[in-house]
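Line by line, the protein sequences give chains W and D. In terms of the numbering used here, the first sequence has 553 at position 538, counting the first letter as 1, and numbering is strictly consecutive. In terms of the numbering used here, the second sequence has 247 at position 232, counting the first letter as 1, and numbering is strictly consecutive.
These are calculated hints, taken from the structure and not from any lab test. Please read all numbers here as calculations on a predicted model, not as lab measurements. Glycine residues also receive a C-beta, built at the ideal position from the N, C-alpha and C atoms. Do not rely on the hints blindly, as some may be mistaken.
[Stated by the list, open to error] If you only want the chain W side, here are some residues facing chain D, beta carbon under 10 Å, derived:
id, residue
1, 171
2, 174
3, 503
4, 561
2 protein chains.
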Amino acid sequence: MTTIPLTGAAVLRSGLAASAPKPAPQQAAPASASFHAHNPATGAALEPVFHSATEADVDHAAALARQAAPHLASASGSQRASLLRLIAEKLLASQPQIVERAALETGLPPARLNGEMGRTVTQLRLFADLAAEGSWVDARIDEAQPDRKPTPRPAVCSMLRPLGPVVVFGASNFPLAFSVAGGDTAAALAAGCPVLVKAHPAHPGTSELVARVICASVAELGFPDGSFSHLADAGFTIGSALVRHPAVRAIAFTGSTAGGQALMRLAAERPEPIPCFAEMGSVNPVFILPQAMHARPEAIANGLAASFTLGSGQFCTKPGIVFLPRHAPDSFLQSLRSTVAALPPLGMLTSTIATRFQQSLAARTQDAGTASVFATAACPPKATEGTANAATAQATVFHLGLEDFLARPALQDEIFGPTVILVRYDRAEQLAHAADRLHGQLTATLHADEADLALAAPLLAALEARAGRLVWNAFPTGVEVCHAMVHGGPFPATSDSRFTSVGTASILRFARPVCFQDIPDPLLPPELQPANPLGIERLINGVRARR
Amino acid sequence: MTTIPLTGAAVLRSGLAASAPKPAPQQAAPASASFHAHNPATGAALEPVFHSATEADVDHAAALARQAAPHLASASGSQRASLLRLIAEKLLASQPQIVERAALETGLPPARLNGEMGRTVTQLRLFADLAAEGSWVDARIDEAQPDRKPTPRPAVCSMLRPLGPVVVFGASNFPLAFSVAGGDTAAALAAGCPVLVKAHPAHPGTSELVARVICASVAELGFPDGSFSHLADAGFTIGSALVRHPAVRAIAFTGSTAGGQALMRLAAERPEPIPCFAEMGSVNPVFILPQAMHARPEAIANGLAASFTLGSGQFCTKPGIVFLPRHAPDSFLQSLRSTVAALPPLGMLTSTIATRFQQSLAARTQDAGTASVFATAACPPKATEGTANAATAQATVFHLGLEDFLARPALQDEIFGPTVILVRYDRAEQLAHAADRLHGQLTATLHADEADLALAAPLLAALEARAGRLVWNAFPTGVEVCHAMVHGGPFPATSDSRFTSVGTASILRFARPVCFQDIPDPLLPPELQPANPLGIERLINGVRARR
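Model the full structure from these sequences, guided by the hints.
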């Protein structure tokens with residue numbers, strides 16, 4: 016395997032000949048700050064130096080995206096699909112190099128990263144299929160009724176059209192599937208929107224390698240330069256400038272509550288407010304009903320331990336709160352305690368995340384009382400002065416009663432890392448009320464047996480109003496990429512519960528309906544022409560048909 | 016016809032026995048302010064006195080709506096349809112009384128109000144059909160693949176579920192079709208959301224009569240009390256309190272830019288932000304291309320005069336800017352000028368709107384120069400001191416060159432009333448650039464002939480990015496209620512261009528997708544059960560089918 020040399024360029028775009036391993040002109044600008052990636056397993060800085068984009072870079076990239084927008088909007092679904100498929104193909108061709116760099120920058124094991132690359136490629140191809148098939152545009156045709164009284168009815172038709180330039184923020188915890196060529200980028204390009212990626216500074220080399228794949232694909236298929244831009248920055252300046260730029264039409268973000276809420280405010284305070292889809296994570300409550308608890312205590316304990324420590328607990332779908340009967344079998348508690356106690360310190364994505372985890376854990380211990388610590392794994396070694404330290408965390412389980420839990424709203428705050436709270440209830444009838452008190456969630460999970468069904472029905476009804484996805488006898492970590500997936504949920508899980516950020520329906524974030532009244536057939540988009548040249552499904556006079 | 020006595024109650028709800036013509040208990044509260052409707056044709060106050068709701072009323076109504084939400088959410092589409100159809104039936108039974116009161120309160124002619132009642136009933140029945148048919152929920156089913164490697168695929172299905180309590184603000188200019196039982200209420204109830212109406216204070220009697228129809232329908236069909244509430248207020252306190260209430264889940268508003276933007280801010284600044292759909296109107300540009308101008312100057316002039324003065328120019332789809340060739344035929348200009356000059360003062364909805372129109376007209380005359388006034392109708396008589404005055408306005412046409420227009424962004428501000436700006440262009444090639452400079456619009460219209468088609472194509476492409484509806488050789492006033500309609504558009508036309516507020520797709524404002532993973536069949540909503548008991552269309556493994 017040949018390692019691909021990194022440029023550390025502040026900006027990557029097809030027109031900048033990004034694949035050449037030489038510094039881009041932006042690097043010469045004196046205002047351009049520089050930064051390094053770090054290996055979280057050792058704390059060591061990684062070469063090369065990366066350069067932060069400037070506000071002038073943002074202006075230029077946004078102006079090019081604005082110019083590219085009509086071209087991408089008028090590209091056919093098949094043309095957009097070709098771009099997505101070429102990106103997928105080129106990613107696979109560079110997979111060893113990308114995974115090698117990603118492993119260095121994130122500390123994630125290569126097996127996980129190879130799996131994530133598979134998911135990334137699957138997403139790109141799923142959106143390619145969606146764009147090529149074409150029916151996602153919700154074409155609607157109401158035919159004219161020239162003889163209607165008292166006034167004739169005009170011919171009215173409508174379809175979803177792209178919003179325009181979309182800013183995508185790369186996520187720290189999925190350096191491939193929710194970053195430069197992740198689901199947001201795939202959905203936006205499939206919708207016909209130019210994409211401006213603000214790379215996550217924790218994995219700039221991975222981001223550069225992926226961005227260069229996209230730039231090369233854009234160039235190879237002759238899409239305009241502004242179809243895709245990649246901007247680096249170690250701080251918040253460039254992200255804020257992108258969100259405020261008048262040419263930008265939508266924001267997609269996956270990350271922390273604080274970060275997402277800051278972007279929501281920026282988007283709402285613009286002279287022309289724009290949609291901001293922020294997926295900010297949640298605590299993903301798990302409800303273990305009495306019969307399930309007694310029927311398979313060890314299986315649930317093992318599943319829970321695996322789920323809340325998967326990826327070192329750095330998933331937005333990590334279960335953070337588990338409701339279980341006060342008189343849970345000893346085997347459940349013993350199994351969970353011994354599994355957790357035996358865990359080594361778990362690698363974290365960055366030293367910042369590791370530090371924040373320790374601070375949050377300390378605050379929670381103080382808030383809930385030290386007696387609330389039910390089980391904890393081996394603590395990471397203390398840092399020796401003057402030496403870099405590995406970013407690690409100890410898996411930790413808290414436990415307390417339902418009333419104590421409900422009295423402390425801060426316990427509902429997400430802690431990003433391997434920790435979970437066990438909440439003991441006396442009567443399962445209390446759970447629907449507890450569910451009503453929960454903040455908005457990405458997921459809610461029930462463990463239930465046949466004899467629990469009567470309890471489960473009202474609980475599910477209550478949870479439906481609080482979560483985007485309801486899971487049965489499984490764990491919420493793992494988000495299937497498919498048509499029916501909803502990776503969303505009421506605030507603060509996301510900024511807008513009406514949308515999902517995973518699955519084919521996530522394309523709806525980046526499109527708006529446009530209506531054509533009595534427009535002559537040759538001027539209509541093919542999706543709305545009477546002959547239906549693309550053969551898509553349409554709603555014709557209220558009836559769905561493929562004609 | 017028997018006039019129905021009005022109560023002037025601050026709050027109407029089925030549980031308050033609202034149909035009895037006696038003061039509701041809220042009226043006795045000392046904090047409750049009182050107000051009157053006024054006849055805009057005479058300025059006279061109309062009986063009876065109306066009472067403003069209190070913040071305690073808001074708390075109570077919102078709490079009841081929260082309680083009602085799960086009941087409405089679990090009501091079948093057919094049950095929701097029955098409610099909408101009963102409201103329509105009862106509205107028709109009270110139509111003479113409602114129209115009589117609405118004519119007094121708004122000055123709108125009975126013929127127009129009877130037409131608006133027809134539209135209101137049509138909307139209710141359209142949403143009833145949509146709810147009863149049921150496929151609008153976008154049911155998606157991805158079947159399990161237990162043998163998939165490396166991990167089995169779970170069964171995942173999803174559908175749109177109601178958001179919860181929706182606050183609807185009645186509009187001044189459509190006392191029936193965009194008010195208490197208007198499109199927003201119909202869409203929200205069809206989606207399964209309780210509705211809290213903040214009545215528009217300009218037509219409180221009309222609002223009360225319609226609200227009592229809805230309350231009676233809710234009671235007759237046994238829906239819970241909180242399914243619908245109607246709150247009166249002459250000021251902004253109650254509207255703000257409703258938007259801020261934690262039980263409220265979405266806002267629907269049709270009205271001014273200032274009002275809509277205030278609600279957007281309130282909704283975004285809540286501890287838990289909620290979707291706010293504000294339709295704030297626009298100037299609906301009309302582009303007359305050279306050949307069309309020369310082929311039928313008088314027809315276009317007459318159509319324009321009729322369109323910008325329809326309803327005294329108090330439509331959000333009123334054409335406010337018309338682009339026409341500098342060398343337009345004299346017959347166009349003469350025809351427009353003489354038609355406008357011959358118009359009598361036009362009745363306005365309220366004295367406040369009439370006063371604001373005069374102020375805006377004066378500011379525009381100053382901004383664009385007095386020479387810009389191309390034609391004006393007879394001015395309303397000056398008010399005599401001490402006497403009430405009719406609320407009227409004089410139709411007024413401005414004209415200026417394209418460069419002058421583009422140099423004055425304030426000319427893009429909507430003036431609510433019978434006025435339009437003619438903008439003269441030298442070359443039709445300038446128009447796509449001008450279109451790029453326009454603010455977001457509900458509509459954009461082209462008048463074009465065969466020989467204009469080459470000019471029209473790039474102009475349409477530019478306008479698509481700026482408007483929700485593109486109209487060909489007609490005028491934008493008049494919004495067809497159908498499946499394909501888009502009454503929406505980029506900010507500032509609306510708060511979110513991804514939604515429409517007219518047509519069946521407007522139901523999507525009030526629903527969110529919820530996903531069910533491996534949930535046992537008996538616990539799934541009928542829409543997602545394998546046997547498809549409702550017979551709706553669903554997306555099964557990516558393929559749409561009615562099975």
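Here is what the structure says about each hint:
1. With a least beta-carbon distance of about 5 Å to chain D, the hint placing residue 171 of chain W at the interface is held under the 10 Å criterion.
2. Nearest Cβ of chain D to the Cβ of residue 174 of chain W: about 9 Å, under the 10 Å cut. The hint holds.
3. With its C-beta approaching chain D no nearer than about 7 Å, residue 503 of chain W sits inside the 10 Å limit, and its interface hint holds.
4. Nearest Cβ of chain D to the Cβ of residue 561 of chain W: about 8 Å, under the 10 Å cut. The hint holds.
In summary, the structure agrees with every hint in the numbered list given earlier.
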